[in-house]
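Peer 1: Generate the whole structure from the sequences, applying the supplied hints.
Protein chains: 4
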Amino acid sequence: MQAPEVEFTAPDDGYQKRTEELFYAMPFVKLLGMKIAGIGPGWLDCELSNRPELQQQNGFLHAGVIATLADMSAGISAATLVGPESNTLSAEFKIVLLRPGIGERFIARGRTIKRGRKLSIAESWIYGVTNDKEKLVARGYLTLVIV
Amino acid sequence: MQAPEVEFTAPDDGYQKRTEELFYAMPFVKLLGMKIAGIGPGWLDCELSNRPELQQQNGFLHAGVIATLADMSAGISAATLVGPESNTLSAEFKIVLLRPGIGERFIARGRTIKRGRKLSIAESWIYGVTNDKEKLVARGYLTLVIV
Amino acid sequence: MQAPEVEFTAPDDGYQKRTEELFYAMPFVKLLGMKIAGIGPGWLDCELSNRPELQQQNGFLHAGVIATLADMSAGISAATLVGPESNTLSAEFKIVLLRPGIGERFIARGRTIKRGRKLSIAESWIYGVTNDKEKLVARGYLTLVIV
Amino acid sequence: MQAPEVEFTAPDDGYQKRTEELFYAMPFVKLLGMKIAGIGPGWLDCELSNRPELQQQNGFLHAGVIATLADMSAGISAATLVGPESNTLSAEFKIVLLRPGIGERFIARGRTIKRGRKLSIAESWIYGVTNDKEKLVARGYLTLVIV
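Line by line, the protein sequences give chains E, W, L and Z.
So the working numbering is basically just the index in the first sequence, starting at one, shifted up by 19.
So the working numbering is basically just the index in the second sequence, starting at one, shifted up by 19.
So the working numbering is basically just the index in the third sequence, starting at one, shifted up by 19.
So the working numbering is basically just the index in the fourth sequence, starting at one, shifted up by 19.
Please keep in mind that the hints were generated in silico from the structure rather than gathered at the bench.
Owing to the predicted nature of the structure, the values given are computational and were not obtained by experimental measurement.
Some hints could be false.
[Unchecked claim] Partial list, derived from the structure: chain W residues whose beta carbon lies under 10 Å from chain L:
| no. | residue |
| --- | --- |
| 1 | 33 |
| 2 | 113 |
| 3 | 115 |
| 4 | 117 |
| 5 | 118 |
| 6 | 121 |
| 7 | 132 |
| 8 | 136 |
| 9 | 142 |
| 10 | 158 |
| 11 | 160 |
| 12 | 162 |
[As the list claims (entries may be wrong)] Mimicking DSS-like on lysine-lysine, the simulated pairs with C-alpha atoms at most 30 Å apart in a straight line are:
| no. | chain 1 | residue 1 | chain 2 | residue 2 |
| --- | --- | --- | --- | --- |
| 13 | Z | 152 | Z | 54 |
| 14 | Z | 152 | W | 137 |
| 15 | W | 49 | W | 152 |
| 16 | E | 154 | W | 137 |
| 17 | W | 133 | L | 133 |
| 18 | E | 133 | Z | 152 |
| 19 | W | 54 | L | 133 |
| 20 | W | 54 | E | 54 |
All C-beta atoms in this analysis are idealised placements derived from N, C-alpha and C, irrespective of residue type, glycine included.
Peer 2: The structure is reproduced here in structure tokens:
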């Protein structure tokens, strides 16, 4: 994991509670079983236990699940930087699949690299974890619009 | 839906059965409930009924599900063009979210635009369907490696 | 070339003159020698004569020139849809290099596929032209922010 | 600039001379005036002095020049990792424009993040430099095919 290049200030005291509620308010996130593992201004780590129904035909994590991990970690990292009157919506993202999605569990580390007035840019590092050893399996690059 | 720019020839007689089996062999695709709606050399249409657990907090289809529709439709469209000795793997993709994911059901139309020796390039048009009217909600652009 | 999926209305009578002036006001576009070949609401075609200093080591058009063709054709296609009080700026783009950049000249066809309030989405088809035969060499996919 | 996550070994003793020759063999790179500022296994830094004809209408570096900086820095970073019998070709890339392209000169730092057998993945950080202060203006994300 690369260290964040940018340090951000929280928009208010309530940002953490607000973004945690947003994360868990998504039924699809519950269906997959994703959980927040860490949160701060401009960053979010989230975790997912591996299980067969999240996989493709070879037993690797499906690219759609990897995309969901990227979207949630990077997207919510950008959501931590807007006040209660604003929202961030994913406008587009690129996912690069570097290695097969293998691991007992997966951790996605989302980092906002720019918080603009109209757009935020965020990236995600997605790791497969086996015996507490992390291996980078994918990268995600998001553009978010602030509404 | 835009007409395919390229017409392809099937690699052999068995391509359709082979790619249908590949599609349904993915547990995550079953979890979502995706189904093939049409298939031919270089193209695949797939369908998904909407239901609450595929949604985000506002009742729109989650971006991760949209990414899965793009990956499956475009990815399997490229898989129809390789023989039984080869496989296609998603290397990277871009998803553009054009409108909120609203619809009774969704249809994703995957079209291969280039079948190379090492890489194939495929695109997807993802529509929300309400009262049989289709509305474009997202676009997907994939690079696949042939192994 | 695929037919436009969407038809747009011009924002006013002056859009064509305004976007032509914008196109030719860019010194880098002059350095390359790019010219407008056709323009309308939501679309722009532009042309470029091939010459050695636009090429890479094998005599193919350099990927940076292809990216410029994509950015200009798709970007200005989106600029035709905003009034004189607004601007469109490229926020991000993806370029796919389908075939070697070969041709006596190149034509890039930019088409806006969505004109939103905050963002526009546009695509480009880039062709190499030899003996008046067009061959698709690249695709471009842009996100533009309206300011 | 983020530290490289991966350390690579050079493929042979000649990699540096070979990739420098490749860089300077491209006429378009000469037209722009790009120069190598540093090179090692899996990485390349390159520089470009700003001048009016590389700009768009507002005096900012044109997005096509930024794309060229991204393509060259990340692409040649991947080329340092293949032997004399192989080549790397850009298959696709995404460019994110974070801030206006302002600077006396620009430096692009390309880093390969994965060297595979068929594909390499590389990223670029593009900075505008004024009074020796670097400001990140863009990011680039490349997929390269090894032939």
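Peer 1: Against this structure, judge whether each hint is valid.
Peer 2: Here is what the structure says about each hint:
1. A distance limit of 10 Å between C-beta atoms decides the matter here; for residue 33(W) the minimum to chain L is near 28 Å, and the interface restraint is violated.
2. Given hint, residue 113(W) at the interface with chain L, holds; its Cβ is 5 Å from that chain's nearest Cβ, closer than 10 Å.
3. A cut of 10 Å between beta carbons decides the hint on residue 115(W): the least distance to chain L is about 6 Å, and the hint holds.
4. Hint status for residue 117(W): holds, given a least beta-carbon distance of 5 Å to chain L, under 10 Å.
5. Annotation: residue 118(W) was flagged as interfacial toward chain L, and the flag holds, the nearest CB pair being 8 Å apart, inside 10 Å.
6. With a cut of 10 Å, the hint placing residue 121(W) at the interface with chain L is violated, because the nearest CB-to-CB distance is about 15 Å.
7. Of the supplied interface hints, the one on residue 132(W) holds, with its beta-carbon coming within about 7 Å of a beta-carbon of chain L, less than 10 Å.
8. At about 12 Å, the closest approach between the beta carbon of residue 136(W) and any beta carbon in chain L exceeds 10 Å, and the interface hint on this residue is violated.
9. Contact between residue 142(W) and chain L, as hinted, is supported at the beta carbon level, the nearest pair being about 8 Å apart and thus within 10 Å.
10. The beta carbon of residue 158(W) comes within 7 Å of a beta carbon in chain L, closer than 10 Å, and the hint placing it at the interface holds.
11. Against a cut-off of 10 Å between C-beta atoms, the interface hint on residue 160(W) holds, since the closest Cβ of chain L lies about 6 Å away.
12. The interface hint given for residue 162(W) is met, as the beta carbon of that residue sits about 7 Å from the closest beta carbon of chain L, less than 10 Å.
13. As the CA atoms of residue 152(Z) and residue 54(Z) are separated by approximately 19 Å, the hinted pair is consistent with the 30 Å bound.
14. Distance check on the hinted pair: residue 152(Z) and residue 137(W) sit about 42 Å apart at the alpha-carbon level, beyond 30 Å; violated.
15. Straight-line distance between C-alpha atoms of residue 49(W) and residue 152(W) comes to about 25 Å, which keeps the hinted pair within the 30 Å bound.
16. Between the alpha carbons of residue 154(E) and residue 137(W) the distance comes to roughly 26 Å, so the proposed pair stays at or under 30 Å and holds.
17. A distance of roughly 25 Å separates the Cα atoms of residue 133(W) and residue 133(L); the hinted pair therefore holds under the 30 Å criterion.
18. Taking the CA atoms of residue 133(E) and residue 152(Z), the gap is about 18 Å. The hint holds against a cut of 30 Å.
19. Between residue 54(W) and residue 133(L) the alpha-carbon distance is near 28 Å, which keeps this suggested pair within the 30 Å criterion.
20. For the hint linking residue 54(W) to residue 54(E), the alpha-carbon distance of about 29 Å falls within 30 Å, and the restraint holds.
Violated hints, listed in ascending order, are 1, 6, 8, 14; each of the other numbered hints is respected by the structure.
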